[in-house]
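A.B. asks: Spelled out, the chains give:
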Amino acid sequence: MVLMKMKFPFEKRMKLAQGLWLLSWIATLAGAFTFTLGCFLKTELRRRAEVMDNTEIHAVPNTLMIVGLASLGINYFAGRMCQDALDAGRFPRWKTFLQPYWGVSLLFTLLMLTTVIMSYAMKGNLEWSLKIGLKNGIRFYKDTDTPGRCFQKQTIDRLQMEFQCCGNTDFKDWFEVQWISNRYLDFSSKEVKDRVKSNVDGRYLFDGVPFSCCNPSSPRPCIQDRLTNNSAHYNYEHQTEELNIYIRGCREALVNYYMGLMNTIGAAVLSIFLVQSSVLVSLRYLQTAMEAVAGQENTEIETEGYLLEKGVKETIMEYVTPVLVFLQLNQVGSEDAEAGETPAK
Amino acid sequence: MALMKVKFDLKKRVKLAQFVWLMYWFSVMAGVLVFSMGLFFKIELRKRSEMMDNNESHFVPNLLIGVGLLACGINAMGGKICYDSLDPSKFSRWKPMLKPFLVSCVAFNCLLVLTALLCFLMRIPLQFTLAEGLKNALKFYKDTDTPGRCYMKRTLDQMQMEFRCCGNNNFRDWFEIQWVSNRYLDFSAKEVKDRIGSNVDGKYLMDAVPFSCCNPGSPRPCIQYQVTNNTAHYSYDHHTEDLNIWKRGCRDALISYYGGMMNSIGALVLLVTILEVIVMIGLQYVNTSLSNLANPEDPECESEGWILEKTVKETFTDIMDKMKAMSKGNAVDEAGVDGVATGS
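Sequences listed follow chains A and B, in order.
Each residue of the first sequence is one higher than the one before, counting from 3 in this note's numbering.
Each residue of the second sequence is one higher than the one before, counting from 53 in this note's numbering.
If you are wondering where the hints come from, they were derived from the structure by calculation, not from laboratory data.
Careful: at least some of the hints might be erroneous.
Unchecked claim - Sample of chain B residues facing chain A (criterion: CB under 7 Å; computed from the structure):
{"hint": "1", "residue": "Thr196"}
{"hint": "2", "residue": "Asp209"}
{"hint": "3", "residue": "Gln210"}
{"hint": "4", "residue": "Val232"}
{"hint": "5", "residue": "Tyr236"}
{"hint": "6", "residue": "Asp238"}
{"hint": "7", "residue": "Cys266"}
{"hint": "8", "residue": "Pro268"}
{"hint": "9", "residue": "Gly269"}
{"hint": "10", "residue": "Arg272"}
{"hint": "11", "residue": "Pro273"}
{"hint": "12", "residue": "Cys274"}
As the list claims (entries may be wrong) - Derived SDA-like pairs (lysine to any residue); straight-line CA-CA distance at most 20 Å:
{"hint": "13", "chain 1": "B", "residue 1": "Lys299", "chain 2": "B", "residue 2": "Gln278"}
{"hint": "14", "chain 1": "B", "residue 1": "Lys187", "chain 2": "B", "residue 2": "Lys299"}
{"hint": "15", "chain 1": "B", "residue 1": "Lys245", "chain 2": "A", "residue 2": "Tyr236"}
{"hint": "16", "chain 1": "B", "residue 1": "Lys242", "chain 2": "B", "residue 2": "Leu257"}
{"hint": "17", "chain 1": "B", "residue 1": "Lys255", "chain 2": "A", "residue 2": "Pro221"}
{"hint": "18", "chain 1": "B", "residue 1": "Lys245", "chain 2": "A", "residue 2": "Ala234"}
{"hint": "19", "chain 1": "B", "residue 1": "Lys245", "chain 2": "A", "residue 2": "Asn237"}
{"hint": "20", "chain 1": "B", "residue 1": "Lys255", "chain 2": "A", "residue 2": "Tyr236"}
{"hint": "21", "chain 1": "A", "residue 1": "Lys192", "chain 2": "B", "residue 2": "Ala284"}
{"hint": "22", "chain 1": "B", "residue 1": "Lys242", "chain 2": "A", "residue 2": "Ala234"}
{"hint": "23", "chain 1": "A", "residue 1": "Lys174", "chain 2": "A", "residue 2": "Ile134"}
{"hint": "24", "chain 1": "A", "residue 1": "Lys192", "chain 2": "B", "residue 2": "His285"}
{"hint": "25", "chain 1": "A", "residue 1": "Lys9", "chain 2": "A", "residue 2": "Tyr308"}
{"hint": "26", "chain 1": "A", "residue 1": "Lys195", "chain 2": "B", "residue 2": "His285"}
{"hint": "27", "chain 1": "B", "residue 1": "Lys191", "chain 2": "A", "residue 2": "Cys224"}
{"hint": "28", "chain 1": "A", "residue 1": "Lys192", "chain 2": "B", "residue 2": "Tyr288"}
{"hint": "29", "chain 1": "B", "residue 1": "Lys64", "chain 2": "B", "residue 2": "Met75"}
{"hint": "30", "chain 1": "B", "residue 1": "Lys191", "chain 2": "A", "residue 2": "Pro221"}
{"hint": "31", "chain 1": "B", "residue 1": "Lys242", "chain 2": "A", "residue 2": "Tyr238"}
{"hint": "32", "chain 1": "B", "residue 1": "Lys94", "chain 2": "B", "residue 2": "Glu108"}
{"hint": "33", "chain 1": "A", "residue 1": "Lys14", "chain 2": "A", "residue 2": "Thr305"}
{"hint": "34", "chain 1": "B", "residue 1": "Lys132", "chain 2": "B", "residue 2": "Leu122"}
{"hint": "35", "chain 1": "B", "residue 1": "Lys94", "chain 2": "B", "residue 2": "Phe172"}
{"hint": "36", "chain 1": "B", "residue 1": "Lys362", "chain 2": "B", "residue 2": "Asp373"}
{"hint": "37", "chain 1": "B", "residue 1": "Lys63", "chain 2": "B", "residue 2": "Leu74"}
{"hint": "38", "chain 1": "B", "residue 1": "Lys132", "chain 2": "B", "residue 2": "Lys151"}
{"hint": "39", "chain 1": "B", "residue 1": "Lys299", "chain 2": "A", "residue 2": "Gln156"}
{"hint": "40", "chain 1": "B", "residue 1": "Lys99", "chain 2": "B", "residue 2": "Gln179"}
Idealized CB from N, CA, C, for every residue including glycine.
This is chain A alone, in the form it adopts within the complex (with noise of 0.2 Å):
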């Protein structure tokens, strides 16, 4: 039983060539524009790659660029080969060229969907590669002197004020980690040997934050010291205070941030794959109308276009068979071999 079964006289098969080849040159378009959203979200992702502990997430790009190529690649071929189809007696010579090139072009239309839930997916592994590279980037803060570590200040400063936040998960995480230098502490100071000694591990840590979480848009000017003290600073309640400082914490931001993108280009992604979707559909009509023209005196008969030729169930055991006798002839070969070796023995 035929999948999906159409008639298709001359002139249909005719518009169908031409409204293919149409559409083959939008979906290569399409295709570019792909890989170019895949360069630009690898390019975005690399900006902050000093605060992302492991480019796991860099597989949606890459996912991406690759996609774009390939789908150059089909589109360009789907565009000959229906350039062709206007002329019935060049169409056969593209039929050995059609099986490998199912296989494919089905692989790859799969694949761009799998990148849409891919980067839907990695939302947890995003947060959690940022939540470890924020941890230490906080923590070498104050490292302006050791190589590998020295602009660690500069990048979170502007991280911070770029993405108008404060700290990882928020400001308190400042608090935790001594973010000024030693080489900056008076030692000799009642109040820095007060701090180092308040903690275990001897660090000067205190209730404030660098400028760089001072927010522009608060009426007084930025209080980033004694944070938590309402009597250090005149006519100040910490608790109802929200514009002095950043209160969102980076890493919601910068997730909040590549999620957005991500879901933009998934929506064009989306649409990409349903302009390839009618590529191959269209393509396969018109090859299965065209092989009935083949051999035929009169190129301008009617005849059927089908997607598939028996039913999916049928096809799909019509690929797994040759696989399953394959395993098969395996297996009885290796009963063989032992059958062989035991009376031998």
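We have chain A; now place chain B onto it with these hints.
C.D. replies: Relative to chain A, chain B alone:
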């Protein structure tokens, strides 16, 4: 003796017309580019108009926008003329208009040169506007509760962070004004009373700068308060410390930003002028070569084209004579009218 005479046969005429038509299309795109540059410049000026007291002159960007639109119009018309020149019947329609059109092209090119010159010169008035505007902006930094000025703090903070600058001329401008609002000063504290008592106007002045002056590239956490007091901070010498806060003043920063923009736009307008002059010369050749067909009935005969019919000197004296004749004609008419009036 004509200026730069060239012989043209039919093929050469056709090639010339096609080439000039193509160049006119490039000129239309160049006109669009000038228009968009003018628009971009206008938007950039408006973005920072608070720093200029809302007093800045928009003459140059408006002129750029007008010139861009005019260039599009003139070049489109020139392109149409060139396109029609390949067909003798259509060209004869345009013939009477061509001389005034070319004269207006000359005037337009002079306008373009003037625009480019103004772009380069606009730096000077901008400097004065910015000096005045920034001084007031710093004064109104603390007025976050006054309607009309409540966003000055945010604008100034964001500008200092973006342009990496501090204060008007330099960071010391912040020492001379009160940038902390009275709402956040405890007037019962001794320190506040001392500071207010220490100057004539009763302003709370201190040697401190806002957080937006801080340089993220500094290896140590930002020192904003007691900037000139070496003993207040461990291992700190404000004379040698240059990474702590931005040293540059915002006026310099904004001038170099806008100056760079205006220089590029001026250079672009000069390039567009050169392109316009080339197409104008091309159109003149098309015009003269088609007007001077030896045999008007035969389109395939040879003809000559030139830029000016006589030499530059002779053309100039001709124009002067014509203008004198016109003004004399006016004078004779007036004398005649007067004579008639007095006579009667």
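A.B. asks: Take the hints in turn and mark each one as holding or not.
C.D. replies: Consistency of the hints with the structure:
1. Thr196: holds, 4 Å
2. Asp209: holds, 4 Å
3. Gln210: holds, 5 Å
4. Val232: Since chain A brings a Cβ to about 5 Å from B/Val232, closer than 7 Å, the hint holds.
5. Tyr236: holds, 5 Å
6. Asp238: holds, 4 Å
7. Cys266: Since chain A brings a Cβ to about 4 Å from B/Cys266, closer than 7 Å, the hint holds.
8. Pro268: holds, 3 Å
9. Gly269: holds, 5 Å
10. Arg272: Given a least distance of 5 Å, the restraint on B/Arg272 holds.
11. Pro273: At about 5 Å, which falls below the 7 Å cut-off, the nearest Cβ of chain A leaves the hint on B/Pro273 intact, so it holds.
12. Cys274: For B/Cys274, the interface hint holds, since the closest Cβ of chain A sits about 4 Å away, which is under 7 Å.
13. B/Lys299 to B/Gln278: Holds, because 16 Å separates the two Cα atoms, which is no more than 20 Å.
14. B/Lys187 to B/Lys299: holds, 17 Å
15. B/Lys245 to A/Tyr236: holds, 14 Å
16. B/Lys242 to B/Leu257: Holds - the C-alpha atoms of B/Leu257 and B/Lys242 are around 14 Å apart, at most 20 Å.
17. B/Lys255 to A/Pro221: Since the Cα atoms of B/Lys255 and A/Pro221 sit roughly 19 Å apart, the hinted pair holds (cutoff 20 Å).
18. B/Lys245 to A/Ala234: holds, 17 Å
19. B/Lys245 to A/Asn237: Answer holds: B/Lys245 to A/Asn237 is near 17 Å, not above 20 Å.
20. B/Lys255 to A/Tyr236: holds, 18 Å
21. A/Lys192 to B/Ala284: holds, 15 Å
22. B/Lys242 to A/Ala234: Holds. B/Lys242 to A/Ala234 sits at ~15 Å (cutoff 20 Å).
23. A/Lys174 to A/Ile134: holds, 16 Å
24. A/Lys192 to B/His285: holds, 14 Å
25. A/Lys9 to A/Tyr308: holds, 9 Å
26. A/Lys195 to B/His285: holds, 16 Å
27. B/Lys191 to A/Cys224: Roughly 18 Å separates the two Cα atoms, so the pair holds.
28. A/Lys192 to B/Tyr288: OK: A/Lys192 and B/Tyr288 at ~19 Å, within 20 Å.
29. B/Lys64 to B/Met75: holds, 16 Å
30. B/Lys191 to A/Pro221: This hinted pair holds, its Cα atoms lying about 15 Å apart.
31. B/Lys242 to A/Tyr238: Status holds; Cα separation ~19 Å.
32. B/Lys94 to B/Glu108: holds, 11 Å
33. A/Lys14 to A/Thr305: holds, 10 Å
34. B/Lys132 to B/Leu122: The hint holds at about 15 Å.
35. B/Lys94 to B/Phe172: Holds, at roughly 16 Å.
36. B/Lys362 to B/Asp373: Within the cut-off at roughly 15 Å; holds.
37. B/Lys63 to B/Leu74: holds, 17 Å
38. B/Lys132 to B/Lys151: Between B/Lys132 and B/Lys151 the Cα gap is close to 16 Å, so the pair holds against 20 Å.
39. B/Lys299 to A/Gln156: holds, 17 Å
40. B/Lys99 to B/Gln179: holds, 17 Å
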